[in-house]
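**Q** Listed below are the residues making up each chain.
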Amino acid sequence: MSTSFSLSKREAASKVYVTQCTAASDVNRRPHTTITDHHFNQTVDIIIPTDAYESIAGLSSILSGRKCLEDWRYYHVTAPLGYFFKPEFLNQYIKKDNCLVLSLAEIDTEDVYCIYEGTLRLSLRKETYERVGLQGKASKFSKSRFIVEINLRSTNFLPGLKGFDKLIGALDNSPLRHPVPFLICVFSSGECSSSPAILPDYFKATAYPQSYTRTHIPDAVIVPQLSPIKSAIKLAEPSYHSICKKDKEGYVDEVVKEGLLHILEWTSLLGLESERIQYNKTIDPLLSTYSVFHDENVEGTMPFCTDNITKISIRGFLTTKMTKQIFDDLLQYLPAKSWATMTVYGFQDAPVSWASEEHSYLMGGENDYAIVIKPLELGDTARSLLAFEAVGSNDSHS
Amino acid sequence: MFYDLCVSWPKAVTTSSAVEYTRSTGPIPDLFRTVAMLQALGYTTIAYDYEVSGKIGSNITSPIQADVFSASLSNMTFLSRITVILEDAAQSQVLPSLTSKFDILAVRPTTEKLLLAACTSLDIDLISLDLSQRLPFYLRHRTLGAAVARGIKFEICYSPSTRQGDNNVRRNLISNAAALFRATRGKGIIISSAAMSALECRGPYDVANLATLWGFTQEKGKAAVATDARAVVVHARMRRRSYKQVVEIMVDKDEVQTTVDGKKGRANEDHQKRTRQEADEKKSEKFPKKGSKRRRANDG
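These protein sequences, in sequence, are chains A and B. Residue 1 is where the first sequence starts when you use our numbering, and the numbers rise one by one after that. Residue 1 is where the second sequence starts when you use our numbering, and the numbers rise one by one after that.
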């Protein structure tokens, strides 16, 4: 069973989309699309109990950091966009969908170029769009911004044909010819399709490894119950509260939503290594009244447990293949009784957030997601998951 | 890209003062600190404001040396601006001569008649009212709308509310700014600091949030410091350099292009007009001529 709903205060506010489901859900739906459609990833934070980490370390080369050290890297280069359309790069990487390219510029005031899944997407200001001369459509978030999208893998995009020649002409003669900084991640084809490849020489790019850091938090951290939906139903039973039947649905919804938001808040505090969730830390209520959410009314369950945690942070320019591998490894090797959280942060200036949904920056450009993996309950075949997707106000993802 | 189109140029500095900002006190070091603070907060273009009132001679020279900090604060664009405090109609005859000496021309009308003249007939870029005092006239949509339709924008300066001092000033600013927003229906307003010290400056997103107190939405608040302010700068540039705002010669290295109505004859005329103007300027100005490269927006 998978439910998803959104929480937002008004039109222009940031939104959070929450999905409760199991790991066995369809690959074309959340939470799997949450990972595979989110093209541009900057940081992945994985937080697991230390004993769970110790059992994983030997099994997964990704989660222990060996892969980042040996294999996973990205490139930074200042080059004109035309470099990506020379035959060496075009045929090797773009046509075979083995690259991810993002130019570093502010999405609300400058031109941003990116290539993902064989699609070229240019987010251009009005004056650039008028000079470039390619067909595009207006942006949803600004009257003076235009989006040009070209499928580079279609059969119409070949040297000698109209579409290709027009693009190359624009790349050589219009404002697109100026060099801009790019982040590039290329990988070779084949089974291990996230293993890196080498950029052609003319790029003169600097290679950086995807950085991996691991911290063990010394103090035990409070872990709340991660199953609000059961407790909500129990709370709504007539024996606990006297609520008339027709209000029961709304009440359950509200309690569930509140519980899920508390879990999101707790996940974020974990990522910040905050003292507020540590077991033996107290603070003057004048400064903070935060306490980890737990249900006192539910019988038979511990209000909370405590764990020492390990935080793994992989940072750089990560593709969906990499984030998917991280998630798959986590699901596969995580011991049954353990929980885990994985938070992925996107680029605030990326032109797309998920799939080909337009993304822009107003007061903030967040397009991040967090997946909480719950402990395996007795009798469950697949692990249950909570997926939270946070989008800023100027983002058309839903 | 964020714009702050009103940074007070200190009155104590005249054309003949030495430009030295290595000393720790004085108007120029204070100005440097203000501008450095604005750069740290994220602004990319700043206009120095020179305020004049009373009788203005027609051979006034610009005391603003816009390039004074360019060496130490790169990646910033500096413009010069004059704010004429309009007290009687005779002053409006001097305005055309000021166009060539300053990048942006702003007026501050003090009576309703002058406000009407500024909104409907004067050739200016910006109307800046002193919103920290009780205005001697009402702001009506009929007059202000005429200005907005002509492309002239209104300015709200936020530093009276961040300056140490009067609560009355803050109260007046909030009510006047809200009234201005209502009267213009939210269009055609820019926000700038009229900063006299570094402590009065606020970051662009903070200014946009402050604007929500005056009735702005978040989008409009951000536009007031970014896109609308850019529109003022472009409007001022077009007013100075193009012929009837239609044709402008842009010298792009080896190429000579013409925009929109590209008739060659008119283009030549404009070119001659500009070179004549520049020759006049060369005679009157003493300090290095501001290059046209810097003020041009990034073009292809």
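Simulated from the structure, these hints should not be mistaken for laboratory data. These numbers were taken from a predicted model, which means no experiment stands behind them. A hint or two may mislead.
Claimed, not checked - Heads up, simulated PhoX-like pairs for lysine-lysine below, C-alpha to C-alpha not over 25 Å straight-line: (1) A:Lys257 x A:Lys374; (2) B:Lys187 x B:Lys220; (3) B:Lys101 x A:Lys126; (4) B:Lys187 x A:Lys140; (5) A:Lys143 x B:Lys11; (6) B:Lys220 x A:Lys15; (7) A:Lys137 x B:Lys101; (8) A:Lys311 x A:Lys321; (9) A:Lys140 x B:Lys220; (10) A:Lys143 x B:Lys113; (11) A:Lys166 x A:Lys86.
**Q** Hint by hint, note whether the structure agrees.
**A** Each hint, compared with the structure:
Restraint check for lysine 257 (chain A) and lysine 374 (chain A): the C-alpha separation of about 17 Å stays at or below 25 Å, so the hint holds. About 8 Å separates the Cα atoms of lysine 187 (chain B) and lysine 220 (chain B), which keeps this hinted pair within 25 Å; it holds. A hinted pair counts as satisfied when its Cα atoms are at most 25 Å apart, and lysine 101 (chain B) with lysine 126 (chain A) does not qualify at roughly 30 Å. Proximity of lysine 187 (chain B) to lysine 140 (chain A) is assessed by CA-CA distance (about 20 Å); at most 25 Å being required, the pair is judged to hold.
Taking the CA atoms of lysine 143 (chain A) and lysine 11 (chain B), the gap is near 41 Å; set against the 25 Å cutoff, the hint is violated. Between lysine 220 (chain B) and lysine 15 (chain A) the CA atoms are separated by roughly 20 Å; this keeps the pair inside 25 Å, and the hint holds. The suggested pairing of lysine 137 (chain A) with lysine 101 (chain B) is violated, with an alpha-carbon distance near 41 Å, which exceeds 25 Å. For the hint pairing lysine 311 (chain A) with lysine 321 (chain A), the CA-to-CA distance comes to about 21 Å; that is within 25 Å, so the pair holds.
Our distance criterion of 25 Å between C-alpha atoms is met by lysine 140 (chain A) and lysine 220 (chain B), whose separation comes to about 16 Å. Proposed proximity of lysine 143 (chain A) and lysine 113 (chain B) is contradicted: the alpha carbons are some 36 Å apart, above 25 Å. Between lysine 166 (chain A) and lysine 86 (chain A) the alpha-carbon distance is near 15 Å, which keeps this suggested pair within the 25 Å criterion.
In summary, the numbered hints that this structure violates are 3, 5, 7 and 10.
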